[in-house]
Amino acid sequence: MSTVKAANLQNTGSGAPAFKNSSGTEIGHLCKAFVSWDGTNATIDASFNVSALTDNGTGDYTLSFATNFANTNYSIAGICGGKSNETNDRNMGLDTVSVGSVRVKVRNADTDTLKDVAKNCLVFFAV
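Our numbering runs 101 ahead of the 1-based position in the sequence shown.
Among the hints, a few may not be true.
Claimed, not checked - Restraint ranges, calculated between C-beta atoms of paired labels, are given here:
no., residue 1, residue 2, range
1, F226, T197, 15 to 21 Å
2, N122, G182, 34 to 40 Å
3, T214, A153, 40 to 46 Å
4, A119, S199, 41 to 47 Å
5, G114, R204, 18 to 24 Å
Since the hints were made in silico from the structure, they are not lab data.
Just so we're clear, the structure is a prediction, and the values are computed from it rather than from any experiment.
All C-beta atoms in this analysis are idealised placements derived from N, C-alpha and C, irrespective of residue type, glycine included.
Let the hints inform the model, and build the full structure from the sequences given.
Structure representation (C-alpha coordinates):
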(Lines of atoms letter the chains of each structure in order from A; the text may use other names.)
(Lines give C-alpha, C1' and ligand atoms only; values in the text may rest on other atoms or scores of the structure.)
Protein backbone atom coordinates (compact mmCIF):
# COMPACT_ATOMS: atom_id res chain seq x y z
CA MET A 102 0.00 0.00 0.00
CA SER A 103 1.17 3.49 -0.83
CA THR A 104 0.42 6.81 0.76
CA VAL A 105 0.25 9.94 -1.35
CA LYS A 106 1.22 13.14 0.42
CA ALA A 107 0.76 16.32 -1.56
CA ALA A 108 -0.19 19.93 -1.00
CA ASN A 109 -2.28 20.02 -4.19
CA LEU A 110 -4.00 17.58 -6.53
CA GLN A 111 -4.79 18.66 -10.05
CA ASN A 112 -6.58 16.85 -12.85
CA THR A 113 -4.85 16.97 -16.22
CA GLY A 114 -8.27 17.82 -17.73
CA SER A 115 -10.90 20.35 -16.71
CA GLY A 116 -12.70 18.25 -14.06
CA ALA A 117 -11.89 17.35 -10.49
CA PRO A 118 -9.42 14.53 -9.78
CA ALA A 119 -11.08 11.11 -9.78
CA PHE A 120 -10.74 8.54 -7.01
CA LYS A 121 -10.37 5.07 -8.51
CA ASN A 122 -9.60 1.58 -7.22
CA SER A 123 -6.81 -0.58 -8.62
CA SER A 124 -9.12 -1.77 -11.43
CA GLY A 125 -9.70 1.80 -12.59
CA THR A 126 -13.30 1.93 -11.34
CA GLU A 127 -14.28 5.30 -9.94
CA ILE A 128 -15.10 4.96 -6.24
CA GLY A 129 -15.64 8.49 -4.98
CA HIS A 130 -16.24 12.16 -5.67
CA LEU A 131 -15.16 15.36 -4.02
CA CYS A 132 -17.66 17.75 -2.50
CA LYS A 133 -18.27 20.48 -5.13
CA ALA A 134 -19.55 23.07 -2.63
CA PHE A 135 -20.53 23.47 1.00
CA VAL A 136 -21.92 26.23 3.15
CA SER A 137 -22.75 26.90 6.78
CA TRP A 138 -24.77 30.01 7.58
CA ASP A 139 -26.54 31.80 10.39
CA GLY A 140 -30.16 32.28 9.37
CA THR A 141 -30.89 34.79 12.10
CA ASN A 142 -28.27 37.21 10.74
CA ALA A 143 -28.16 35.93 7.13
CA THR A 144 -24.37 35.59 7.27
CA ILE A 145 -22.13 32.84 5.91
CA ASP A 146 -20.03 31.20 8.62
CA ALA A 147 -17.93 28.97 6.33
CA SER A 148 -18.11 27.97 2.67
CA PHE A 149 -16.43 26.52 -0.37
CA ASN A 150 -17.61 27.48 -3.88
CA VAL A 151 -20.51 29.49 -2.45
CA SER A 152 -20.08 33.15 -3.36
CA ALA A 153 -23.17 34.76 -1.86
CA LEU A 154 -26.16 34.31 0.44
CA THR A 155 -29.33 36.24 -0.32
CA ASP A 156 -31.94 36.61 2.41
CA ASN A 157 -35.29 36.54 0.57
CA GLY A 158 -37.27 36.93 3.80
CA THR A 159 -37.90 34.85 6.91
CA GLY A 160 -36.54 31.32 6.39
CA ASP A 161 -36.03 31.85 2.65
CA TYR A 162 -32.47 31.89 1.24
CA THR A 163 -30.72 31.79 -2.12
CA LEU A 164 -27.14 30.53 -2.23
CA SER A 165 -25.07 31.41 -5.30
CA PHE A 166 -22.12 29.34 -6.51
CA ALA A 167 -18.74 30.83 -7.42
CA THR A 168 -18.40 28.20 -10.17
CA ASN A 169 -21.60 26.95 -11.78
CA PHE A 170 -22.48 23.27 -11.88
CA ALA A 171 -22.54 21.62 -15.32
CA ASN A 172 -26.26 20.84 -14.94
CA THR A 173 -28.96 20.66 -12.27
CA ASN A 174 -28.47 16.95 -11.58
CA TYR A 175 -26.32 17.51 -8.50
CA SER A 176 -27.09 16.08 -5.08
CA ILE A 177 -27.75 18.22 -2.03
CA ALA A 178 -27.76 17.24 1.63
CA GLY A 179 -28.47 19.57 4.48
CA ILE A 180 -29.48 20.14 8.04
CA CYS A 181 -30.82 23.06 10.01
CA GLY A 182 -30.87 23.71 13.72
CA GLY A 183 -31.07 26.36 16.31
CA LYS A 184 -29.60 27.17 19.64
CA SER A 185 -29.44 24.54 22.35
CA ASN A 186 -32.55 25.88 24.09
CA GLU A 187 -34.73 25.68 20.94
CA THR A 188 -36.87 22.70 20.06
CA ASN A 189 -36.03 20.59 17.02
CA ASP A 190 -39.19 21.44 15.14
CA ARG A 191 -37.84 22.63 11.81
CA ASN A 192 -37.02 21.27 8.37
CA MET A 193 -35.27 22.52 5.26
CA GLY A 194 -36.55 22.03 1.74
CA LEU A 195 -35.47 22.89 -1.78
CA ASP A 196 -37.40 25.55 -3.62
CA THR A 197 -35.42 26.16 -6.84
CA VAL A 198 -32.33 24.39 -8.17
CA SER A 199 -30.28 25.92 -11.00
CA VAL A 200 -26.69 25.56 -12.21
CA GLY A 201 -25.67 28.84 -10.56
CA SER A 202 -27.69 28.83 -7.35
CA VAL A 203 -30.09 27.00 -5.07
CA ARG A 204 -33.01 28.43 -3.12
CA VAL A 205 -33.97 26.76 0.16
CA LYS A 206 -36.67 27.37 2.71
CA VAL A 207 -36.53 26.55 6.42
CA ARG A 208 -39.86 25.86 8.08
CA ASN A 209 -41.31 25.21 11.49
CA ALA A 210 -42.39 21.58 11.06
CA ASP A 211 -45.37 21.95 13.42
CA THR A 212 -46.91 25.06 11.86
CA ASP A 213 -45.41 24.91 8.33
CA THR A 214 -44.40 28.57 8.64
CA LEU A 215 -41.03 29.88 7.46
CA LYS A 216 -38.51 30.36 10.26
CA ASP A 217 -35.00 31.81 10.69
CA VAL A 218 -32.73 29.45 12.63
CA ALA A 219 -29.19 29.93 13.87
CA LYS A 220 -27.42 27.05 12.07
CA ASN A 221 -27.96 25.86 8.50
CA CYS A 222 -25.62 23.59 6.53
CA LEU A 223 -25.64 22.26 2.97
CA VAL A 224 -23.20 20.14 0.95
CA PHE A 225 -23.31 19.63 -2.83
CA PHE A 226 -21.99 16.70 -4.88
CA ALA A 227 -21.88 16.17 -8.66
CA VAL A 228 -20.05 13.97 -11.12
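Here is what the structure says about each hint:
Evaluation of the 15 to 21 Å hint for F226 and T197 yields a pass: the beta carbon distance comes to about 19 Å. Taking the beta carbon of each, N122 and G182 are about 36 Å apart, inside 34 to 40 Å as hinted. The hinted window of 40 to 46 Å between T214 and A153 is violated, with their beta carbons roughly 26 Å apart. Roughly 26 Å separates the CB atoms of A119 and S199, a value that falls outside the hinted 41 to 47 Å.
Remark: the range hint 18 to 24 Å for G114 to R204 is contradicted by a beta-carbon distance near 31 Å.
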